[in-house]
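Visitor: Sequence:
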Amino acid sequence: MDLGYSKNDMAFVEEVQTFLDEAWKNRLPAKGRPDAGLVREFRLLATELGYLYRSIPKAYGGSEQPADPMRGRIIRECFEKARAPMEVPGAGMSMLIPTLLEHGTEEQRQWFIPKTILGEYRWAQGYSEPGAGSDLASLKTNGRLEDGQWIINGQKIWTSQAYSATHMFALVRTEPDAGKHAGISYLLLELDQPGISIRTIHQITGQSEFCEVFFEDARTPADWIVGGRGSGWQISKTTLKHERSNIGGVRTLGLLESLWRLARNVEIDGRPAAEDPQIRDRMMVLEGYVQAQLCCGYYQFAQAVAGGSAGRLPLLNKIAGTRIALEIAQVAQDIIGDRALELANHGETTRRDPGQWVNQIFGSLALSIAGGASNIQRNIIAERGLGLPKDEAI
1 MDLGYSKNDM AFVEEVQTFL DEAWKNRLPA KGRPDAGLVR EFRLLATELG
51 YLYRSIPKAY GGSEQPADPM RGRIIRECFE KARAPMEVPG AGMSMLIPTL
101 LEHGTEEQRQ WFIPKTILGE YRWAQGYSEP GAGSDLASLK TNGRLEDGQW
151 IINGQKIWTS QAYSATHMFA LVRTEPDAGK HAGISYLLLE LDQPGISIRT
201 IHQITGQSEF CEVFFEDART PADWIVGGRG SGWQISKTTL KHERSNIGGV
251 RTLGLLESLW RLARNVEIDG RPAAEDPQIR DRMMVLEGYV QAQLCCGYYQ
301 FAQAVAGGSA GRLPLLNKIA GTRIALEIAQ VAQDIIGDRA LELANHGETT
351 RRDPGQWVNQ IFGSLALSIA GGASNIQRNI IAERGLGLPK DEAI
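With full-length UniProt numbering, letter number 206 in the sequence shown gets 206, and the count goes up by one each step, no holes.
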């Protein structure tokens, strides 16, 4: 495993840095944030030169670059260091576009992908329902085809940032006489229409990121279905694969470094928490977990660069990352203790404010559920990675 840069890699680093200096750093305003026009212009130029949207064909607005994990890593590191905008964030880029590239029609790709890349279409994920969480196939939101349109009725819940989304990709039961999994279709729809109402959910953190979405005879064109009728369950696996990969990328090293800062600055029994034997012992165990995760990531990256396969290891990323993040949050909770009750305005804290840990403590549990709860991940590892038989139905 060689993690060093070659001469060609170093030349590419210089190329990217020169571009960032000219196209981003030198154009930033002296005060305040860059306006939306500058950000949009920068993204278009970066795409034209092959730095952004590398895996997306030019026909759909991408830069269509050959797969090159090393160049992708260099671009990400240089852009992050310069605080330059990467691809438009959100479920559209991370989940829907890969799904359309794999399963969508040519018309769907031509219509939806360019608008998503430009941020004109912002997507919400319509999966979970009040009675269908980990057992997603139990969903009851239904759609019937009538005069060239799908008529949709039902409810979705825990829909992240639906209040700011323009569109949704949703799992809908369109084949009522088919089996539990075979009756589901993958539909795309506009959210700004009669028959759709969105309510935010007030969270314990003081934020309202999640929403409930209600459908009462909402409509979407008949050809806004990805895959065939009843194939939504299989299509959704592609979307979930990319969602889990995104969640599995949680940066535990930075989180652990923040925990060490907290432990040095907050006292327990008159001395810094970092000097408490029990806290220090737990943090050293976490240090081992994080370093093991880093080495695992380096190995996967090195295999990708060499054109090889990391085997079963990628299946572990999501459950390992969220487990470590949860245990880091638990140590932070014990360090802060009852002082957490004094940390108000949870949604408005800065990175170095101890109040950020209140959000992290609450949010770490949510990460272990999003994209499939940890027990679901263990089943995936057992069945798909190790080839073990499925549990017998009870």
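I should point out that these hints are in silico values taken from the structure, not numbers from a laboratory. Certain hints may be false.
Quick list of the computed label-pair ranges, beta carbon to beta carbon [unchecked claim]:
#1 Met86 with Pro57: 41 to 47 Å
#2 Ala182 with Arg83: 18 to 24 Å
#3 Leu28 with Pro89: 18 to 24 Å
#4 Ser160 with Ile381: 21 to 27 Å
#5 Arg83 with Ala302: 23 to 29 Å
#6 Trp260 with Arg312: 27 to 33 Å
#7 Ile204 with Ala302: 48 to 54 Å
#8 Gln278 with Pro176: 55 to 61 Å
#9 Pro66 with Ala36: 29 to 35 Å
#10 Ala306 with Gly32: 32 to 38 Å
#11 Gly308 with Ile381: 17 to 23 Å
#12 Leu28 with Ala182: 38 to 44 Å
#13 Arg378 with Glu175: 26 to 32 Å
#14 Arg83 with Pro272: 19 to 25 Å
With a straight-line cut-off of 25 Å between C-alpha atoms, the simulated SDA-like cross-links for lysine to any residue are [claimed, not checked]:
#15 Lys180 with Leu145
#16 Lys81 with Glu41
#17 Lys390 with Ser128
#18 Lys180 with Gln155
#19 Lys58 with Gly32
#20 Lys58 with Lys7
#21 Lys7 with Arg71
#22 Lys390 with Gly311
#23 Lys115 with His181
#24 Lys140 with Lys81
#25 Lys237 with Asn142
#26 Lys180 with Leu49
#27 Lys81 with Asp21
#28 Lys25 with Leu49
#29 Lys115 with Glu15
#30 Lys81 with Leu145
#31 Lys58 with Ser128
#32 Lys237 with Leu256
#33 Lys180 with Arg144
#34 Lys180 with Leu388
#35 Lys237 with Leu49
#36 Lys7 with Ala67
#37 Lys237 with Lys7
#38 Lys390 with Asn142
Here a beta-carbon is modelled for each residue, glycine too, at the ideal position from N, C-alpha and C.
Visitor: So, for every hint listed, does it hold in this structure?
Guide: Hint check:
no.: 1; hint: Met86 with Pro57: 41 to 47 Å; verdict: 19 Å, violated
no.: 2; hint: Ala182 with Arg83: 18 to 24 Å; verdict: 48 Å, violated
no.: 3; hint: Leu28 with Pro89: 18 to 24 Å; verdict: 20 Å, holds
no.: 4; hint: Ser160 with Ile381: 21 to 27 Å; verdict: 25 Å, holds
no.: 5; hint: Arg83 with Ala302: 23 to 29 Å; verdict: 28 Å, holds
no.: 6; hint: Trp260 with Arg312: 27 to 33 Å; verdict: 32 Å, holds
no.: 7; hint: Ile204 with Ala302: 48 to 54 Å; verdict: 41 Å, violated
no.: 8; hint: Gln278 with Pro176: 55 to 61 Å; verdict: 57 Å, holds
no.: 9; hint: Pro66 with Ala36: 29 to 35 Å; verdict: 31 Å, holds
no.: 10; hint: Ala306 with Gly32: 32 to 38 Å; verdict: 45 Å, violated
no.: 11; hint: Gly308 with Ile381: 17 to 23 Å; verdict: 20 Å, holds
no.: 12; hint: Leu28 with Ala182: 38 to 44 Å; verdict: 53 Å, violated
no.: 13; hint: Arg378 with Glu175: 26 to 32 Å; verdict: 30 Å, holds
no.: 14; hint: Arg83 with Pro272: 19 to 25 Å; verdict: 32 Å, violated
no.: 15; hint: Lys180 with Leu145; verdict: 19 Å, holds
no.: 16; hint: Lys81 with Glu41; verdict: 20 Å, holds
no.: 17; hint: Lys390 with Ser128; verdict: 23 Å, holds
no.: 18; hint: Lys180 with Gln155; verdict: 18 Å, holds
no.: 19; hint: Lys58 with Gly32; verdict: 33 Å, violated
no.: 20; hint: Lys58 with Lys7; verdict: 29 Å, violated
no.: 21; hint: Lys7 with Arg71; verdict: 13 Å, holds
no.: 22; hint: Lys390 with Gly311; verdict: 21 Å, holds
no.: 23; hint: Lys115 with His181; verdict: 31 Å, violated
no.: 24; hint: Lys140 with Lys81; verdict: 46 Å, violated
no.: 25; hint: Lys237 with Asn142; verdict: 20 Å, holds
no.: 26; hint: Lys180 with Leu49; verdict: 47 Å, violated
no.: 27; hint: Lys81 with Asp21; verdict: 11 Å, holds
no.: 28; hint: Lys25 with Leu49; verdict: 17 Å, holds
no.: 29; hint: Lys115 with Glu15; verdict: 29 Å, violated
no.: 30; hint: Lys81 with Leu145; verdict: 50 Å, violated
no.: 31; hint: Lys58 with Ser128; verdict: 34 Å, violated
no.: 32; hint: Lys237 with Leu256; verdict: 32 Å, violated
no.: 33; hint: Lys180 with Arg144; verdict: 17 Å, holds
no.: 34; hint: Lys180 with Leu388; verdict: 23 Å, holds
no.: 35; hint: Lys237 with Leu49; verdict: 32 Å, violated
no.: 36; hint: Lys7 with Ala67; verdict: 19 Å, holds
no.: 37; hint: Lys237 with Lys7; verdict: 40 Å, violated
no.: 38; hint: Lys390 with Asn142; verdict: 29 Å, violated
When held up to the earlier numbered hints, the structure conflicts with 1, 2, 7, 10, 12, 14, 19, 20, 23, 24, 26, 29, 30, 31, 32, 35, 37, 38 and fits the remainder.
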